[in-house]
Every structure is written in structure tokens, then in C-alpha cells.
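Visitor: One-letter residues, chain by chain:
Number of protein chains: 2
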Amino acid sequence: MSKKACVFLAPGAEEMEFVIAVDVLRRGDVNVTVAGLPNANTVKCSRQVNIVPDCSLVEAAKKGPYDVLVLPGGLGGAQALSKSEEVGKLLKEQESAGRFIAAICAAPIALKAHGIGTGKNITSYPSVELQLTEGGSYIYKQDKVVVDSNIITSRGPGTAFDFALKLVDLLQGKDKASEVAKAMLLSY
Amino acid sequence: MSKKACVFLAPGAEEMEFVIAVDVLRRGDVNVTVAGLPNANTVKCSRQVNIVPDCSLVEAAKKGPYDVLVLPGGLGGAQALSKSEEVGKLLKEQESAGRFIAAICAAPIALKAHGIGTGKNITSYPSVELQLTEGGSYIYKQDKVVVDSNIITSRGPGTAFDFALKLVDLLQGKDKASEVAKAMLLSY
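Going down the list, the protein sequences come from chains A and B. Read in this note's numbering, the first sequence has 97 at position 97, and its numbers run on one by one without any break. Read in this note's numbering, the second sequence has 144 at position 144, and its numbers run on one by one without any break.
If you're looking for bench data, these hints aren't it; they were derived computationally from the structure. Be careful, since some hints might not be right.
Chain copies aren't distinguished; within one or between two, either way the pair holds.
Said to hold, decoys possible - No farther apart than 25 Å at their CA atoms in a straight line, the calculated lysine to any residue pairs in the SDA-like style are these:
1) K144 <-> G158
2) K141 <-> L185
3) K92 <-> T133
4) K144 <-> Y188
5) K120 <-> Q79
6) K141 <-> E179
7) K176 <-> E93
8) K182 <-> E95
Using the sequences and the hints, build the whole thing.
Guide: Here's what the structure looks like:
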């Protein structure tokens, strides 16, 4: 059975981080669902690119479980993910089942807001480091991509390809990730 | 007066190349218009991401002239740009006025289709090299980004940040490009 990913798309999401995750996972033959918040309407991203989700988050949840839930960054998007009860519920189920949760840029603040991955090694966009480490919730790293068991985190637009290729590697193997990277004129 | 860019969005466009160009130019304080083909309806990109243009190409043309016209890749998108008479007309006006024209990945085939930049140094996605060099239309290079007077070309998703940052440099100066790169955790 093919691997499945759900990528959240909330108003204010960083469109490059969002699109790179979706595109690279689809190049890696992962079945990706783009889940819109608060519904299936067009979402205005952080730099005013308008993207239409595949369905609402509620509809996407019914199509689960997913091998990975992906949280793109962008401060507005990350705050919307932090406040969403439905996102919190899905993340908790995902963590309980030991399945992958991946967050980039500002999105790790949504992991903290929902009490996900506590005590684990993570990274993020530099500006939210203090917010994440306050209260000793996480061990903070500065690597481009940090994998700690089921939690994958990364830093920003400039590390979005590394982040997405790591997800392809974890779901489909290193050979597939290398093949996808090569076709994009990158290496992995 | 602020610099203006028009980024074409046709069905089958490579969504990462499209979004990185728009986002990075907007981070660089360039006024960007996303021009949809064949009209202002939602466009399905090469990996099924659905993006809503700001307006149709015809509407966008009325808001010109633009300091740069940007052609994202993706074979389907590039073929649509090659076949569009309106794109051909805009590119010819842009070239006559000596303003910038930028194409990445497969999109340089649209430059050839419309007789743009003939005899100049260019690059592209490797798979369309022969199509471009046939008939001696261009001098082909393998650099990540090639600038020959007003024509800027680049190779694929893995060079899309370099391409977009080069456009910010040409329109807004190197300091602005470096500042934008730094905020994305890249260097320029």
C-alpha cells in the first residue's frame, strides 16, 4: 500500500515550505492530501500566494491515518495550527501511534502548543528558539533537519528541500530520496 | 517607484519554481503580479497543487510594463507558454524595450518558440538542452543561473532559490538579495 502524508495548509503558511513538502513527497510517490484550515476554501499564504486545499482538515482526518503529518512554517500559519483543536487531536493520535510528525520553521511552536514530542531533540526557525526551549520542553539543535524517533523538524525556506527529502527517505527509502533529489538537480 | 514583476502561471507549471520566484521577489519588495493562463481560474500545477492567479494574463498585460517577466518551468507549463500568442507578444515587447526576461527549467523552450534572446548565453533543465541548441539558436551553459544582458535563465527546482535571488539582485541590488537570503537561512 502506498505511503500517505497529510500536509496542513492554514492562512499565513509559508508557501515555499508548503509547496516544497507537497511537491517533493508527490515526486517520491507518496499519496499527499492537502488539508485546509479552517475549511476547504482558498488559503492566502504568507506572501499572498493563494492556494486551494484538496479538502478541509475535517475531511482529511476521515481519510487517515497518515504515515506523516506535515506542518509548514510561516508565523501566521504556525499560530493557526497552534490554536486548532482538530490539529491538536490529530497530532496526539499520531504521536500515540508512533507515526511521523514533521514541522519546519515556526511550526514547531504548534508541537509545543499541543504538548507533542516533549523532551525530544528539535530545531526551528531561529526566531522561535526561545519560545520552544522555555520551560525545558525540548533539546534544541541547530542542524538543518533533526530526526528524533517520530519527530522531524527543520529550520526554514533554505532547508525545506532537505526536510522534504528526509521525509521521502523515511517513508520510501534512501534510494528513492536520492532519485527525487537528482531529478530536481540536487543531491541526497 | 517600486519594481514590478509579472510571473506567468499556466497549467502544468512546476509549483516550486513558481512559488519560490513569487515569494522571494515579494520578500525583496518587488510588486509581483501572478498572471494566469488561459484566464484567472485556478491552475493545476505539475504536482497537482492548485494555485489561484491574481488575474488573467490579459488583465496583467494592462497593468504593465513590468521590470521582469518570469517564466516558471514544468514541461506542461512551458508548452502552454510556448503556444500562447499573448505571451509571445509580451515577450517581444519586453525584449524590444530591453527589460528583463527570466526563464527556469523547461521554460527557455518558450523563449525559443517566440524567438526571444536568439544568440545569447542560456541554460535550462538538462532534458531540453538539445531542443534549445538545435539550429544554433543559443550558446548553452551549465551554470546554475546564466545572465546575458536582459535574459536570465536557470536549471530546475534545485536552482530556483539562486534564480529568484539573482532577480532580486538585478532589480533591488545585492544588499537586498543578501538580506532576503539571510532571512531564508541561505546566503547570497
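Visitor: Which holds for K141 with E179 at a C-alpha limit of 25 Å: within a copy, between copies, both or neither?
Guide: between (28 Å within a copy, 24 Å between copies)
Visitor: Up to 25 Å between alpha-carbons, please classify K141 paired with L185: within, between, both or neither.
Guide: For K141 and L185, the Cα distance is within 25 Å only across copies (15 Å; inside one copy 28 Å).
Visitor: When no copy is specified for K176 and E93, does a C-alpha distance of 25 Å or less occur within a copy, between copies, both, or neither?
Guide: neither (28 Å within a copy, 44 Å between copies)
Visitor: At most 25 Å between CA atoms: does that hold for K144 and Y188 within a copy, between copies, both, or neither?
Guide: both (13 Å within a copy, 18 Å between copies)
Visitor: Under a CA distance limit of 25 Å, which applies to K144 and G158: within one copy, between copies, both, or neither?
Guide: Classified as both: same-chain Cα gap 9 Å, cross-chain 16 Å, threshold 25 Å.
Visitor: Indicate which option fits the pair K120, Q79 if close means a Cα-Cα distance not exceeding 25 Å: within, between, both or neither.
Guide: Close inside one copy (21 Å), not across copies (47 Å); limit 25 Å.
Visitor: My question is about K92 and T133: at a cut-off of 25 Å on alpha-carbon distance, are they close within one copy, between copies, both, or neither?
Guide: Cα proximity of K92 and T133: one copy only (20 Å, versus 55 Å across).
Visitor: Regarding K182 and E95, is the shortest C-alpha distance of 25 Å or less found within a copy, between copies, in both, or in neither?
Guide: neither (32 Å within a copy, 33 Å between copies)
The earlier numbered hints that this structure contradicts are 7, 8.
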